[in-house]
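Read top to bottom, the protein sequences are chains A and B.
Per our numbering, the first sequence starts with residue 1, numbered consecutively.
Per our numbering, the second sequence starts with residue 1, numbered consecutively.
Derived by calculation from the structure, the hints in this document are not laboratory data.
The model shown is predicted, which means the values in this text are computed figures rather than measured ones.
Keep in mind that a hint or two might mislead.
Each computed DSSO-like pair below joins lysine-lysine, with the alpha-carbon atoms no more than 27 Å apart [to be verified]:
no., chain 1, residue 1, chain 2, residue 2
1, A, 56, A, 68
2, A, 3, A, 41
3, B, 44, A, 68
4, A, 3, A, 56
5, B, 14, B, 44
6, B, 44, B, 57
7, A, 17, A, 41
8, A, 3, B, 9
9, A, 3, B, 44
10, B, 9, A, 41
11, B, 9, B, 57
12, B, 57, B, 14
13, A, 3, A, 17
14, A, 3, A, 68
15, A, 17, A, 56
16, A, 3, B, 14
17, B, 14, A, 56
18, A, 41, B, 14
19, B, 9, B, 44
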Amino acid sequence: ELKVEQNPLFLSMQEGKNYTIYCNYSTTSDRLYWYRQDPGKSLESLFVLLSNGAVKQEGRLMASLDTKARLSTLHITAAVHDLSATYFCAVQETSGSRLTFGEGTQLTVNP
Amino acid sequence: NAGVTQTPKFRILKIGQSMTLQCAQDMNHNYMYWYRQDPGMGLKLIYYSVGAGITDKGEVPNGYNVSRSTTEDFPLRLELAAPSQTSVYFCASSQGQGAKETQYFGPGTRLLVL
Numbered sequence: 001e002l003k004v005e006q007n008p009l010f011l012s013m014q015e016g017k018n019y020t021i022y023c024n025y026s027t028t029s030d031r032l033y034w035y036r037q038d039p040g041k042s043l044e045s046l047f048v049l050l051s052n053g054a055v056k057q058e059g060r061l062m063a064s065l066d067t068k069a070r071l072s073t074l075h076i077t078a079a080v081h082d083l084s085a086t087y088f089c090a091v092q093e094t095s096g097s098r099l100t101f102g103e104g105t106q107l108t109v110n111p
Numbered sequence: 001n002a003g004v005t006q007t008p009k010f011r012i013l014k015i016g017q018s019m020t021l022q023c024a025q026d027m028n029h030n031y032m033y034w035y036r037q038d039p040g041m042g043l044k045l046i047y048y049s050v051g052a053g054i055t056d057k058g059e060v061p062n063g064y065n066v067s068r069s070t071t072e073d074f075p076l077r078l079e080l081a082a083p084s085q086t087s088v089y090f091c092a093s094s095q096g097q098g099a100k101e102t103q104y105f106g107p108g109t110r111l112l113v114l
């Protein structure tokens, strides 16, 4: 059974600071997704990582994938309040289309 | 394109009642999914479908049923509602090939069972 763990689960940080969210998973996979969810809203796709060493950046967010370590990171650079949300990683099994989600990291960026 | 649409947005059920959560997508996606999200938790897969006429169980299928008679629609049926089914339900769809496997989510249905 594929297990996906994120840490930290809660993150409170000041504007302008940097931080990294980690996503570990338990079985072989080369497809990992990052989503953002605002309170009371649906999930918005941020990044799709499809190979070992993949790195994608959008604004202040950068995601990477290390399939050998079974680890993905979401790095936040110079955080701003608008980044406050819950971030989920989701891993797709090598065979099939099912996604397994992590518990989410609730990020609060304080002025 | 409307993307993925869900109805209703919110519903209160009494224990033992039945209801159908509707989901439709207009992106001609082959794959569709139903998830539930309990407060403060990640999403858990209930059922999914890889095409019309084909459905399969996810992680937490008990108490639910699905059907997929068309590419566009993927309704989720609760037969005998229980308080444990209080949750937010998300429907999603994806093309199903390579980079197009990104799942697009609907706005969700909030269900309260009392």
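Between the alpha carbons of residue 44 of chain B and residue 68 of chain A, is the straight-line distance 27 Å or under? 26 Å, holds
Regarding the pair residue 56 of chain A and residue 68 of chain A, is the alpha-carbon distance no greater than 27 Å? The given pair, whose Cα atoms are some 18 Å apart, holds under the 27 Å limit.
27 Å limit on alpha-carbon distance, applied to hinted pair residue 17 of chain A and residue 56 of chain A: 20 Å, holds
Taken at face value, is the distance from the CA of residue 44 of chain B to the CA of residue 14 of chain B at most 27 Å? 23 Å, holds
Hinted pair residue 9 of chain B and residue 44 of chain B, Cα distance within 27 Å: Satisfied, since the Cα-Cα distance of roughly 19 Å is no more than 27 Å.
Need the status of pair residue 3 of chain A, residue 17 of chain A: alpha-carbon distance at most 27 Å? Violated. Residue 3 of chain A to residue 17 of chain A sits at ~30 Å, over the 27 Å cutoff.
Given the hinted pair residue 3 of chain A and residue 44 of chain B, is their alpha-carbon gap at most 27 Å? Answer holds: residue 3 of chain A to residue 44 of chain B is near 12 Å, not above 27 Å.
Run the distance test for residue 9 of chain B versus residue 57 of chain B: straight-line Cα separation, threshold 27 Å. 24 Å, holds
For residue 14 of chain B and residue 56 of chain A, compute the direct alpha-carbon distance and say whether it is at most 27 Å. Not satisfied, since the Cα-Cα distance of roughly 46 Å exceeds 27 Å.
Holds or violated: residue 3 of chain A with residue 68 of chain A, Cα cutoff 27 Å? 16 Å, holds
Within a Cα-Cα threshold of 27 Å, do residue 3 of chain A and residue 56 of chain A meet the stated pairing? 23 Å, holds
Take the C-alpha atoms of residue 44 of chain B and residue 57 of chain B, compute the straight-line distance between them, and say whether it is at most 27 Å. 11 Å, holds
Hints 8, 13, 16 and 17 from the earlier list are contradicted by this structure; the remaining hints agree with it.
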